[in-house]
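Asker: Protein sequences appear in the order of chains F and H. Here the working numbering is used: the first residue of the first sequence is 1, the next is one more, and so on. Here the working numbering is used: the first residue of the second sequence is 291, the next is one more, and so on.
Hints in this document: simulated from the structure, not taken from any laboratory. Warning: the hint list may mix true and false statements.
[Said to hold, decoys possible] Think about it this way: if two alpha-carbon atoms lie no more than 30 Å apart in a straight line, the pair counts; the simulated DSS-like pairs of lysine-lysine are: (1) F:K118 with H:K603; (2) F:K118 with F:K88; (3) F:K91 with F:K153; (4) H:K603 with F:K88; (5) F:K148 with H:K603; (6) F:K59 with H:K302.
[Said to hold, decoys possible] Examples of chain F residues toward chain H, derived with CB under 10 Å: (7) T55; (8) G56; (9) P70; (10) G73; (11) A74; (12) F84; (13) I86; (14) F102; (15) G104; (16) M120; (17) G129; (18) I146; (19) A147; (20) S171; (21) Q172; (22) E176.
A virtual CB, placed ideally from N, CA and C, is assigned to each residue, including glycine.
What follows is the residue order along each chain.
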Amino acid sequence: MASDSLPLLAVEHLTMRFGGLFAVNDLSFTAYQKEITAIIGPNGAGKTTVFNCLTGFYKPSVGRLSLTPPDDGAPHLLERMDGFRIAKVAKVARTFQNIRLFTGMSVLENLMVAQHNKLMRASVYSVAGLLGLRRFRNQERQSLEIAKYWLDKIDLSDQADWSAGNLPYGSQRRLEIARAMCTEPVLLCLDEPAAGLNPRESLQLNDLLLDIRRDQNIGILLIEHDMSVVMNISDHIIVLDHGAMIADGTPVAIRSDPTVIRAYLGAADDEDLPPEVTGDLRPAATSGVR
Amino acid sequence: MGTLSRLTPHLKDSLAAGLLAGLLALPMLGFRLVDSAQGLSLDYRFTWVAIAAATVFTGRLILLQAGDAIRRRPSQRSASTQPQAGRPNKLRPILGWLFIAGALVLPWAPLADRNLLDKATLLLIYVMLGWGLNVVVGLAGLLDLGYVAFYAVGAYSYALLSQNFGLSFWICLPLAGLFSASFGMLLGFPVLRLRGDYLAIVTLGFGEIVRVVLLNWQVVTGGPNGVSGIQRPSFFGLPFLATAPGKTTFHEFFGLPFSPDHRIVFLYYLILVLALVTNLFTLRIRRLPIGRAWEALREDETACRSLGIDPTKTKLSAFAIGAMFAGFAGSFFATRQGFISPESFSFLESAIILAIVVLGGLGSQIGIVLSAFLLVGLPEWFRDLQQYRMLAFGGAMVLIMLWRPRGLLSNREPTIRLASAPSRVAQTAEDSV
Ligand SMILES: Nc1ncnc2c1ncn2[C@@H]1O[C@H](COP(=O)(O)OP(=O)(O)O)[C@@H](O)[C@H]1O
Ligand SMILES: [Mg+2]
């Protein structure tokens with residue numbers, strides 16, 4: 001499967017040390033365009049740390065993170081870039097394990113803020129914006145259209161003017177994904193997007209992610225504990241344990257990998273012990289709920 | 291039942307407070323030295339002690355009960371109104387236009403005299419400063435305790451430019467704004483990395499440094515003597531004087547009899563226009579990407595960075611724009627007073643401006659007008675009750691914080707609405723047909 005897609009992100013020997021702790025230890029993998037690459041592993045395995053390195057919140061101790069844009073430009077070396085520049089120039093977007101919306105602002109505003117850089121360029125240091133020049137108004141209209149497209153996708157058109165903080169939990173998760181998509185990324189990193197969702201919402205999430213993979217020319221990195229999400233939609237799974245990669249393969253291969261099963265069974269926290277991993281997982285219907 | 295069950299702990303609490311007050315009052319109020327012909331003697335005033343204890347007891351009880359009632363209400367209210375956060379607020383703009391209309395006709399109102407206009411001018415300076423600081427604190431969420439430094443830079447820029455280079459007010463005004471803004475950038479660059487409390491403390495320090503520099507840089511600023519004889523404003527070149535050798539004065543040009551009130555009215559309108567420009571600018575920029583980024587930054591800086599927003603640049607722009615308006619206000623202040631000294635730019639000014647912004651409800655333009663009126667206007671009018679001024683000030687702050695912990699007007703209007711977007715309007719129109 002991986003062979004017919006173009007590589008998007010190459011992680012080489014990524015190591016992140018906190019004092020004596022190796023949160024991530026010599027991790028290498030590749031993520032491909034138009035594919036969903038899942039990163040799974042017990043709590044504390046270092047998954048979020050990988051994202052924080054990728055998106056510039058941490059500077060990796062060792063390693064190279066090179067992102068090759070789909071338009072065949074020169075690769076960006078993410079480990080050398082400032083946090084906001086990774087999102088702005090290299091176009092890596094992310095969501096957070098603990099949702100980080102602008103809760104006091106409206107749903108629509110959240111999506112407009114995500115298009116900041118484009119709008120700033122059109123507003124020419126806010127001068128064109130203050131004067132209301134056509135150049136700016138056109139860009140604003142176009143951005144509004146993009147926001148509307150995503151509002152529609154995540155089923156929040158009717159709540160567009162609500163404060164984001166007043167939305168139910170599941171909607172907030174979807175809004176955070178839509179907000180990340182509004183930055184028009186080439187790589188989308190989702191940190192446990194199904195955490196706290198009920199089964200119906202997590203099926204909705206599956207559909208949303210599959211839609212994104214189908215319609216958008218981007219790669220997705222997905223950290224997830226919910227095996228019904230991971231096993232159904234990912235093309236490729238990487239298993240981390242104690243910062244090191246212990247397996248890398250397709251869902252089918254991972255499901256029956258003895259090392260993975262042992263890592264999960266040996267894990268101290270029971271919530272990471274889904275019986276599905278041990279074999280009786282059948283793909284749940286992904287198109288049941290609309 | 292519920293009130294009763296709450297009453298008992300409140301009674302206990304109040305009794306304890308009353309006892310404590312009595313104990314404290316005993317040495318302070320209970321005994322008095324009387325100087326009489328026979329020498330010193332001790333006088334006892336135990337009724338006073340009893341009165342003090344009783345006052346504290348009842349006061350505490352009322353406060354606790356009232357506090358309970360107040361605390362219960364907002365939580366219910368917010369729970370019931372939140373789901374309809376989508377409704378636009380119609381009242382706020384009407385109130386705004388009423389204020390503007392009132393301010394425009396004020397000089398022609400029957401009760402308006404020199405004194406009233408002077409006070410209204412002072413009030414408007416604070417409104418303008420409040421609106422300027424609101425960009426920094428209310429929108430961008432940067433707690434700036436040294437805002438008065440930029441006000442000072444504006445005032446001294448005008449005073450020194452006009453005195454040393456003979457530049458007119460209308461040339462100095464933008465220059466003063468520019469200087470203040472650049473100063474804001476300069477100061478902001480190292481400081482804006484800090485968050486929350488640290489930023490507040492460092493800005494407080496910078497505010498004081500500016501004042502101390504003004505105080506000690508004798509050669510340039512005149513030190514504690516300040517700058518006096520600052521050029522008074524002219525009506526676009528026509529001075530407000532009885533006679534001016536070699537120049538037409540304002541009253542000669544318009545064929546009016548000379549009156550010192552002309553200048554007062556002109557100053558009033560000048561600050562009104564400056565304040566309204568500040569307001570208009572803020573309202574507009576809030577709807578631009580930079581304004582939204584400020585608010586987003588206030589909400590969550592980490593999320594902003596993940597969306598590709600440069601936090602440093604964004605904060606700097608808020609800082610610079612806030613400083614610019616303080617600079618404008620400062621040069622107005624200098625031309626109005628004709629004399630400035632470092633004393634006018636103490637920390638207390640920063641504190642009052644900040645109180646105006648916080649009390650008004652962070653980010654609310656009209657709330658700031660209301661709280662400027664409460665904090666600056668009312669105390670000015672009740673100057674006769676001078677000795678109770680600070681007491682009333684503190685009391686009002688406590689009451690408002692109890693009653694409206696998020697400020698007088700704290701409901702936020704979204705900067706953009708889907709409902710008002712063209713296609714949506716058409717759709718609802720079709721629906722109603
Ligand atoms: N900023 C930090 N400082 C110190 N230790 C950290 C930091 N961030 C993460 N860690 C440690 O790194 C390990 C991996 O954490 P994390 O990446 O959050 O795991 P998870 O796989 O659950 O997302 C944990 O042991 C955590 O305590
Ligand atoms: Mg995590």
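Asker: Is the shortest C-beta separation between I86 of chain F and chain H less than 10 Å?
Answerer: holds, 8 Å
Asker: Would the stated hint for I146 of chain F survive a check requiring a Cβ distance to chain H of less than 10 Å?
Answerer: Violated, because the Cβ-Cβ distance from I146 of chain F to chain H comes to roughly 13 Å (cut-off 10 Å).
Asker: Given the proposed pairing of K603 of chain H with K88 of chain F, does the C-alpha separation stay at or below 30 Å?
Answerer: The given pair, whose Cα atoms are some 14 Å apart, holds under the 30 Å limit.
Asker: For the pair supplied as a hint, K59 of chain F and K302 of chain H, is the alpha-carbon distance within the 30 Å limit?
Answerer: Distance of about 57 Å is beyond 30 Å: violated.
Asker: Please check whether G56 of chain F passes as an interface residue: C-beta within 10 Å of a C-beta belonging to chain H.
Answerer: Holds. Min distance 8 Å.
Asker: Quick check on Q172 of chain F please, does its C-beta sit within 10 Å of some C-beta on chain H?
Answerer: violated, 12 Å
Asker: Using Cβ atoms only, decide whether M120 of chain F comes closer than 10 Å to chain H, and label the hint accordingly.
Answerer: M120 of chain F check passes; min Cβ-Cβ to chain H is 5 Å, inside 10 Å.
Asker: Hold the hint about G129 of chain F up to the distance rule: shortest CB distance to chain H must be less than 10 Å.
Answerer: Holds: closest Cβ of chain H sits about 4 Å from G129 of chain F, inside 10 Å.
Asker: Should the interface hint for E176 of chain F be scored as holding, given a Cβ-Cβ cut-off of 10 Å against chain H?
Answerer: This interface hint holds because 9 Å falls under the 10 Å limit.
Asker: With chain H as the partner, please determine if P70 of chain F meets the hint condition of a C-beta pair closer than 10 Å.
Answerer: violated, 18 Å
Asker: Min Cβ distance, G73 of chain F to chain H: is it shorter than 10 Å?
Answerer: G73 of chain F check fails; min Cβ-Cβ to chain H is 17 Å, beyond 10 Å.
Asker: Just to be careful, I want the Cα atoms of K91 of chain F and K153 of chain F compared with a cutoff of 30 Å; is the pair within it?
Answerer: holds, 21 Å
The structure fails to meet hints 6, 9, 10, 11, 18, 20 and 21 from the earlier list, while all remaining hints are met.
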